[in-house]
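Undergrad: The listed protein sequences derive, respectively, from chains W and F. Remember, the numbering used here sits 328 above the position in the first sequence when you count from 1. Remember, the numbering used here sits 328 above the position in the second sequence when you count from 1.
There's no promise every hint is true.
Same chains, same label: a pair holds when it works inside one copy or across any pair of copies.
Unchecked claim - Below 16 Å or equal to it, Euclidean Cα-Cα: the simulated EDC-like pairs (lysine to aspartate or glutamate) are:
hint, residue 1, residue 2
1, K387, D689
2, K387, D715
3, K387, D673
4, K363, E479
5, K498, D594
Simulated from the structure, these hints should not be mistaken for lab results.
Protein chains: 2
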Amino acid sequence: MAQTLPVSPLALPLPPLGVVRGVRLGAVAAGIRYKGRTDLVLAEFAPGTTLAGVFTRTKCPGAPVDWCRAILPGGQARALVVNAGNANVFTGRAGRETCRLTAEAAAQLAGCTPEQVCLASTGVIGEVLPAERITTALPALHDALSDTGWEAAARGIMTTDTFPKAAVRKARIGGVEVVIQGIAKGSGMIAPDMATMLSFIATDAALPAPVLQALLSAGVRTTFNCITVDSDTSTSDMVLLFGTGAAANPPVAETVDALSAPELADFRTALNAVLHDLALMVIRDGEGATKMMSITVTGAVSDESAWRVGMAIGNSPLVKTAIAGEDANWGRIVMAVGKCGEPADRDTLSVSIGGVCIASDGTVREGYDETPVVAHMKGQDIDIAVDLGLGQGSARTWSCDLTHGYIDINGSYRS
Amino acid sequence: MAQTLPVSPLALPLPPLGVVRGVRLGAVAAGIRYKGRTDLVLAEFAPGTTLAGVFTRTKCPGAPVDWCRAILPGGQARALVVNAGNANVFTGRAGRETCRLTAEAAAQLAGCTPEQVCLASTGVIGEVLPAERITTALPALHDALSDTGWEAAARGIMTTDTFPKAAVRKARIGGVEVVIQGIAKGSGMIAPDMATMLSFIATDAALPAPVLQALLSAGVRTTFNCITVDSDTSTSDMVLLFGTGAAANPPVAETVDALSAPELADFRTALNAVLHDLALMVIRDGEGATKMMSITVTGAVSDESAWRVGMAIGNSPLVKTAIAGEDANWGRIVMAVGKCGEPADRDTLSVSIGGVCIASDGTVREGYDETPVVAHMKGQDIDIAVDLGLGQGSARTWSCDLTHGYIDINGSYRS
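If we strip away everything but chain W, and leave its shape as in the complex, we get (with noise of 0.2 Å):
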């Protein structure tokens, strides 16, 4: 289980965290699945909160999916209630009531109505999540909600992680400085389609909710959305961005162009330094992983094809054993690019690893040297390049390697 897993040689320590005005966490150990640990965390926003969210595009996503992407209209959360151990997926009538409970319970203590309150929950799919487990824990939690709640929050919604994740930035919005602070958790079941594992990620800023949501969409494109651990994705993926407002920085109109309105180019960049930064620690976190690949592809005939040849290599076993063998196989590179079904040319193809280009033009260049290559190996950050040589096109995604540890931990997950 997720607490005896030994903590990932990739990991990150959590960096200095603030406060995000407007914004009050905190966790307790309900008991719904894991013993002795927390495992259930409630945030309450401030009133105005507005609200942005991506989710899974699974066929067989989670009540809480269902949940938060029916009140996302709203564009307004006060509060947010995650489990950690039970996913609440394919759990039919009984997953929708205990939503419906959750969502009451935590709206009566919020002052709020329950369509003001998300819902996020990941752990075993197919048991039924037993609301009573929640509501009688949440008056005591609510008590002892604080704006420094932030590391037991980020803790508290761990499964099979090995260490907390969370990531902090200043920006400024009309010379008014604002934070973005987010947290997440995610380890196996890792390949997001156009959402991700979870994360929770608050602002202070004063923003409407379609400019959240613009912002949060497209951030989410080249960091979550580019990463990979082990090609299954979740049935709970979800990224919730809260603005609370605290900060009183001058209007921003709700028609503003976010992508790419000036006032918003110092947010936009550290929203996606934030999202960057916690995508990147689930691949860090990537169960059983000892490295990291960041793979870089260039010369595709677009950037969507790149992403696919990209997600390719970061998913192929065959790749993923050989950097964790240390085996700078590079024609299993190749083998992902041609089975990958996106436009590649095996002559124009040239493929490099930690910065020395070892094949192109069909095969492998004259007086190649695998030592520099072999060192790299031995490293824990792997750099892959690919160029394809037919257009320009580019993406860059990450993934880990395949080892042990992975089957380990999946091969007994239930039991």
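Got chain W; can you put chain F on it based on the hints?
TA: Below, chain F without anything else, positioned relative to chain W:
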């Protein structure tokens, strides 16, 4: 390396192999990569032998795949040369030269043109395959060819395979008995896309090349194209079918509709059985496999859609590790259905394992008793059935579990 791997617990013994009139085979140790085992196979076919072939759709095919694809329109084959240990892939001009020199040497021995010589190689990608190792070994190998050399050939083409693979069937065409006998290799990098790993099948039936081709292409679709070990498609996949004509069955017109002609019904059934047997042996020798998964998908919007769902289940690392851990974790099957992008509806989906319907109508079945399913999971043959409840499309696919053995084999293949 291949020689030291323990034999798959799912291995099958070789069936009693017969002779295919018009075919003589043999194998020799040419020292291409492996030590102390055969690694070069030669087959010679009687004059007039017709040829059909199906190849990998990778964008980075090996030089032998290019060679065979180029000679296939000739529809004639007199010889086949196969080596194990070096795939001759991504080897540029040197790789093409090795193909030419090998075909010329074999043609001289068989008394034919180089364009009547089929070539195949599997093994490491990106290393030059020295032609002289092959051409030096061919004359003695040719002298020793025998019509009983099938087992030697089945062993000589193995790489990470742990057991040799062969299948045989008899059929009647116009009252005349013909035999269909084939061999295959393959264990990892198995996710054939309109083709397969290496498989060579011969029949003494007299059938025009276009008829053979139509039968082979159709047969591969529901056999080799429905298996996956690790979702990685090889650069070297091919199935070749040779018809020597030695059985002297009544002539079959080149223009016959091979897929419906009544005089070919028995032959079609027998050929498909050979393809089915060989494909499943590849799964039974999946790298590290301890259990075989048979996945039946029904109720899809089309057969193609059902196939994609079945392959998504068979490729999911989380499903495969659950099977390895004997965990009836049906939630991961739901996850795989949900992620694959095909039409599916959580609330019409049902999932069965070992013939027990576990979940339907969006939740677990009332009174579900895991006992018989747990017992089924302890066996070697795991049956998974998914009904999508949407239409009439169906498909059957096969996969194997994902174990420590796979990591062991692929974390150190080259070294």
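Undergrad: With reference to the structure, classify each hint as holding or not holding.
TA: Structure-based check of all given hints:
1. Taking the shortest Cα distances, K387 and D689 sit within 16 Å of each other only across copies (14 Å), while inside one copy they are farther apart (42 Å).
2. Proximity of K387 to D715 under the C-alpha cut-off of 16 Å is restricted to the inter-copy arrangement: shortest distance 14 Å between copies versus 34 Å within a copy.
3. In the homo-oligomer, the alpha carbons of K387 and D673 lie at most 16 Å apart only across protomers (6 Å), although the nearest pairing inside one protomer, at 34 Å, exceeds that limit.
4. Taking the shortest Cα distances, K363 and E479 never come within 16 Å of each other, neither inside one copy (19 Å) nor across copies (57 Å).
5. Proximity of K498 and D594 under a CA criterion of 16 Å is satisfied intra-copy only: 9 Å inside one chain copy versus 74 Å between copies.
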